[in-house]
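Keeping their order, the protein sequence lines are chains A and B.
Numbering (this note's numbering) for the first sequence: 171 to 259.
Numbering (this note's numbering) for the second sequence: 2 to 125.
Rather than coming from a laboratory, the hints here were simulated on the basis of the structure.
Misleading hints may appear alongside valid ones.
To be verified - Stretch by stretch, here's where chain B covers chain A in the computed footprint (C-beta under 8 Å, at least three residues):
id, stretch
1, 184–195
2, 210–223
Unchecked claim - Partial list, computed: chain B residues near chain A (C-beta under 7 Å):
id, residue
3, Thr3
4, Ala6
5, Val15
6, Thr42
7, Thr46
8, Gly48
Where is the CB? At the ideal position from N, CA and C, for every residue including glycine.
Okay, here's what each chain looks like letter by letter:
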Amino acid sequence: MIAAALYFAFACFGIGLLLCMARLVIGPDSADRILALDTMVINVIALMVLYGILQGTAIYFEASILVAMVGFVSTVAYCRFVLRGDIIE
Amino acid sequence: MTDIAQIVISIFIVLAGIFGLVGSYGLIKLRDTMQRLHAPTKSTTLGIGSALIASMFYSLLIRGTLSFHELLITLFLFLTAPVSAHFIAKAYILRNTDRKDLPETGTAFDWSAYDDPPVPPKGD
Chain A
171 MIAAALYFAF ACFGIGLLLC MARLVIGPDS ADRILALDTM VINVIALMVL YGILQGTAIY
231 FEASILVAMV GFVSTVAYCR FVLRGDIIE
Chain B
2 MTDIAQIVIS IFIVLAGIFG LVGSYGLIKL RDTMQRLHAP TKSTTLGIGS ALIASMFYSL
62 LIRGTLSFHE LLITLFLFLT APVSAHFIAK AYILRNTDRK DLPETGTAFD WSAYDDPPVP
122 PKGD
């Protein structure tokens, strides 16, 4: 039963990634594209956590912590670039 | 006992999937950028939160070991989500709002999206 629920959640987050990809392509403003990338990172973190449950190991938690940190830093870096025209002043 | 544990874990996993889908669907459905800023918070707090609760319950009830990795991810995401949303809103304001439409700040500094950050005096 847990496996069936996991495959349902995989499908949901996969569709979510496709919707974010659509917003990344059509987004009229660069803020929309940054937001879509941020949401894609969120979906990937959830996919990795659920894949860790499916595989029964704890390795994927470390990987998802790293993905969360890199995603936050990349979001802030993109926004800094839009705001200031430079990332590190 | 194991059946109840499996049902609880499955409910949390299904909730995580539904809220993740809702958060990403809101990105497509909502009309304005400032409205779209609202949608992914659902997938951050409720979607990832449910997935991490399910993972904690799985390691506690099925495998018999208590795991605290998930709390780290939850804490990190809850701390960083407002910061990144604030930055995205500032980037949107800078590019899409006319300065003359905004009220005066009433201080020595302008809105932070338009003005340089205040420089501390020398000697500090």
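When the structure is checked against the list of hints, which entries are broken? Sort them ascending. 3, 4, 6 and 7
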